[in-house]
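Protein chains: 2
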Amino acid sequence: MSTIILDQKAIRDLISMPEVIGAVEQAFRDWAQGSGSMPPKAYLLLDQGDFRAMPAALPQAAGVKWVNVHPQNLSQGLPTIMAIMIYNDPQTGYPLAVMDATYITAFRTGATAAIASKYLAKRDSRTLGIIGAGRQAYTQIEAHMQLFDLELIRVFDRSRDATMALINHLPDYNLQECSLEETAASDIICTLTPARAPFLKKEWIARGTHINAVGADAEGKEELEPAILGDAMVVVDDIRQASIAGEINVPVTRKIFSIDEVYGTLGQIIIGEKQGRTDNDTITVFDSTGVAIEDLAVAKLAYEKASKSGSHVSMDIIEVSP
Amino acid sequence: MSTIILDQKAIRDLISMPEVIGAVEQAFRDWAQGSGSMPPKAYLLLDQGDFRAMPAALPQAAGVKWVNVHPQNLSQGLPTIMAIMIYNDPQTGYPLAVMDATYITAFRTGATAAIASKYLAKRDSRTLGIIGAGRQAYTQIEAHMQLFDLELIRVFDRSRDATMALINHLPDYNLQECSLEETAASDIICTLTPARAPFLKKEWIARGTHINAVGADAEGKEELEPAILGDAMVVVDDIRQASIAGEINVPVTRKIFSIDEVYGTLGQIIIGEKQGRTDNDTITVFDSTGVAIEDLAVAKLAYEKASKSGSHVSMDIIEVSP
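These protein sequences, in sequence, are chains S and U. Going by my numbering, the first sequence opens with residue -1, and the numbers climb by one from there. Going by my numbering, the second sequence opens with residue -1, and the numbers climb by one from there.
Incorrect hints may appear among the rest.
If several chains are the same, the list does not tell them apart, and a pair holds so long as it fits within one copy or across any two.
[Stated by the list, open to error] Listed next, the in silico DSSO-like pairs over lysine-lysine satisfying Cα-Cα at most 30 angstroms (straight line):
id	residue 1	residue 2
1	K7	K303
2	K219	K120
3	K7	K306
Hints were generated in silico from the structure; no laboratory data involved.
Please build the complete structure, drawing on both the sequences and the hints.
Below, the structure is given as structure tokens:
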């Protein structure tokens, strides 16, 4: 027995966005139906950054993502977030694969938001507003392009360089540099910033808009004016994690939004336990914190494709002889 | 930048027991002095077994051990416990190494018990009693041989095959097959079984004996008659973990032993905050649950030696270009 090792290039060659969307949607379905398990993350807090261990199980899959957040890395030319996934056989615990999960993280985050948009945005959505033109923007656009007939993608970033880099990198799509307010006037908005104070104003948001609030992933982070939440149908990936570290965490702590006001989870909507959008007026918000079952679903996909292709590095990291 | 991958054979070639003892003792020292961090383990419970994520940080080191326990694996010729360690640069989060931690786990467990014996057993201890002749027995003997002038090692296991395999495997040492009661009549006793009911009787334990209670590592496990604890100086690796999953967990739950009766931690004794053994009469018990700083200390040792030697497999698992 041996362990497959998949670097970032291998992962990129192995998986495609349509497959990732399928795998992640199935993971939310399994999890909502009780065929998955996701204990709370374990946090290791250091002076320079932090690490999170994100364990999860799904049918025929188990594993852990170990991911850091080191904000000062950019100044050294390193990514702020780097992740490794250990993928195991749940029947025996054997580590089937060790893989880069940095690329997986970006892919699954885009896929999850697009799945939320599928259930929560207007079906005939034609415009996508991207706020924050960093790494996450690429996969958000890629994923939404799979599920919507987008005519225009509006982009706002405080850094014009980031905006232009994104636009130049995706010449096949109709991207347009816009002001924040113009970008907010889109059928679907994705907020992808590390903001710690709300910047998206309620007055800018038209009836029927769907917002994927992706940036807030830790205590104290917040992108949306809380008034948006009070008036919207709010859906979360995981209620506990969202209330601690998601878009709703600051309003919940300040008691201006209650977790009882959360409409439901993405999983509940996917399995039909709760309805998604039913009209063209409601403002919907998906609070995406990022859950370990998403990573595991994509790791399973990558592992299975690598096993079939046979063209991968493998090592006997663990000896199985007694 | 690239990630070093160390398989079990590489680990075995890189580390030796004296170095492991030194590294683990230093880790307990650092941790007791506040220069280390160890958040609670994250448990993933499945039908066939479980997984634990064990994150930790020490000076210039951070990482996580991901380890399974699948009791039915032996029937398939697989180890019940297999572990992988991800070892990171704490300054940037970069994964410096991925390594087998199965061998590391056995080594650090033996080393930790021997360190406890160094501070808690009689200095002139000449006999070691091994109860449970499985995998852990080998490293317990190896570690104690480094720190004590042992004349005789008594071995008891319910399986004669296991006992004889252990004895035959260590022809250089004076091992002797004994009854349980005879084995208990040793200066230092190591209990290494998965027992869920006490088997070590108080009446067998002589004054001045030191016991390393290693087997109990989960709720409901117990090897020692609780009366032994009531009369002994009880030292733990980690008070919280011991009360939940260590030798004291059942007596604490049944309220026949209180955590207030714990004398102190191994770290407190190593740094001199509390005294170790001061006489030849006290019965001492070290409750070893296994803590993540032990694994991290050995991983750091292996990584540093591998870096120097240069003879290792390395891969660019994560791309660092922006």
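Going through the hints against the structure:
1. K7 / K303: both (14 angstroms within a copy, 29 angstroms between copies)
2. K219 / K120: Within one copy only: 27 angstroms inside a chain, 56 angstroms across chains, cut-off 30 angstroms.
3. K7 / K306: The answer is both: 17 angstroms in one copy and 28 angstroms across copies each meet 30 angstroms.
Hint check: no violations occur; every hint is consistent with the structure.
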